[in-house]
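Student: In case you want the letters, here they are:
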Amino acid sequence: MSAFKVGAGLMVLGLGALAPVTEQRTPAATGATARGVAAATAFLNTLDARQRAKATLPLNNTTRTVWSNLPTGVTMQVGATERNGLKLGDMTPPQQQAALALVAAVLSRDGYQKVLNIVGADQRLEETTAPTRAAGNRTRFGRAEFYLAILGAPSATDRWMVQFGGHHLAINVTFSGRESVLTPTHTGAQPATFTLNGETIRPLGRENDEAFALMNALDAAQQKQALLDYQVRNLVLGPGEDGKVIQPEGIRASALSAKQRGMLIDLIREWVTIVDDEAAAARMKEIEANLGETYFAWAGSTTNGKAAYFRVQGPTLLIEYAPQGAGNAPTTDHIHTIYRDPTNDYGSRLVSR
Amino acid sequence: MKRISVLAVGLLLHVGASAEAHRLDEYLQATRLDISRNRVVVELDLTPGVLVASQIFATIDSDGDGRVSPTEIEDYARRVLRDLSLRVDDRPCALTLTRAESPSWDEIRDGEGTIHLEAFADTPLARGVHRIRYANMHESASGVFLVNALKPSTDALVIRAQRRDVQQRVIDLDVDVGTSFDAATWWVIPIAGLGALLMRRRRTPTASSP
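Protein sequences, first through last, are from chains A and B.
For the first sequence, the numbering used here assigns the number 1 to the initial residue and increments by one for each residue that follows.
For the second sequence, the numbering used here assigns the number 1001 to the initial residue and increments by one for each residue that follows.
Mixed in with the good hints, there may be bad ones.
Below, a list of computed lysine-lysine pairs in the BS3-like style, where the Cα atoms sit at most 27 Å apart [as the list claims (entries may be wrong)]: (1) A:K244 with B:K1151; (2) B:K1151 with A:K306; (3) A:K224 with B:K1151; (4) A:K259 with A:K224; (5) A:K285 with A:K259.
Rather than coming from a laboratory, the hints here were simulated on the basis of the structure.
Here the structure is a predicted model, which is why all the values come from computation and not from measurement.
For reference, chain A alone in the conformation it holds in the complex (with noise of 0.2 Å):
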């Protein structure tokens, strides 16, 4: 996707002020956490005192829970009724681009452009159902349900946490010193395909399809290995649920050929290069060192197009992606995923070194 479509599409999607954001990305900064601490700064540089309160917490274990899948106006699973930190809705254009700005500098280019596409399919559904919502109904979506919140003091050295989430939404990431961990995170999207400028817009569509292209590289042996003969209607470790280990299931990638195995890493990669680079780089060299106990899940249609769930399950891993009844059966239009690290969720294992 070009540029200017990415800025033509933010501006209809009324995020036209957070076009040039990712254009502000430094690229002489020494690494993700001098990028986050500057951007955090100017963020908080922009608040006045009362702003500021909302939008700085303690970071502890109880804080940076507050996260979830689900929209302004219910109750999220750990019981907290609103998201930490200052929604987008809460503040001026320029308050709005540093606050992005920030969410830019902690993750990856293409990472940044998932967020604002999920943001965006947030923004359609807050469109096309808010005509029809009864007075009193107090569940919002939408690009203004945004909330921004840093937990503990901006630092190159010490511990604080950057989450920024709504409706589908819930990037949680943990700095110590020059390492970030994006685990755990929660992306999904409603509608999975929208239409901006006519161009297609799929926030989820290349874990879908590469899930799919998978799936169907197996032979049928493999694909028996892989398929749960049962239906999966949700996700299993979804948010409220950071601590869990369920046991395994599936295929294990050490029954894969070579390309196969190729194929199952650049799948894992879709979620784990949402973060930066360097982080990035670092989190797929300890993935592909445990690939061989990893396993990979299906449940449903192997036909891309039609709703399949998948798991992807290894040592410091688990991957979700579950399609929502919206209406009944499961739909390919109302899609959930978790990313977590069963070993290292908020950076758990960075503290103990």
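Mind docking chain B on chain A? Use the hints.
Tutor: Same frame as chain A, now just chain B:
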């Protein structure tokens, strides 16, 4: 009945905005089983869809005041527990309720409210392979089910196999307690073998050259 009708009318007005985003006539029921040597903990999350929300809420809100009291959610939780079944080696195990939490009617109405229940059964598992069967038959007509076993926190307990019905209402788990070699054992075997080999060589007289 009047209360249900009022809820239903409100719901019809409400469905327009919610229908596109949420489940409709499904009652999502997600179970996680945490199995340890002496206990099975059952965590159950219940999320009624928009079109079944008023029906479910009416069965919880027994005094009809539009709110869920701690007593009401506990009563409902006990009714749910009666629809669950846990068996170890084909013996039924009684579940004891330890947690019951309900969201507000507003959230249930929107198809986003989740009721959280937790219960446990004391199930001392002797060394050997055991069959654990869990079944959830609560509101089975509208139910959409998920059931998963958490990975045991100790190597001494291994889930060898898991089988479910297509709807995930029932799961059978083959749980191996203490019969598998743990990591330490894998070190002991070659070291013991090497030791035995060395002892044997020491005892065997060296063949003399002709």
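Student: All hints, please: hold or fail.
Tutor: Tested hints:
1. A:K244 with B:K1151: 8 Å, holds
2. B:K1151 with A:K306: 30 Å, violated
3. A:K224 with B:K1151: The hint holds at about 23 Å.
4. A:K259 with A:K224: It holds: about 19 Å lies between the C-alpha atoms, which stays within 27 Å.
5. A:K285 with A:K259: Roughly 18 Å separates the two Cα atoms, so the pair holds.
Of the numbered hints given earlier, the model fails hint 2 alone.
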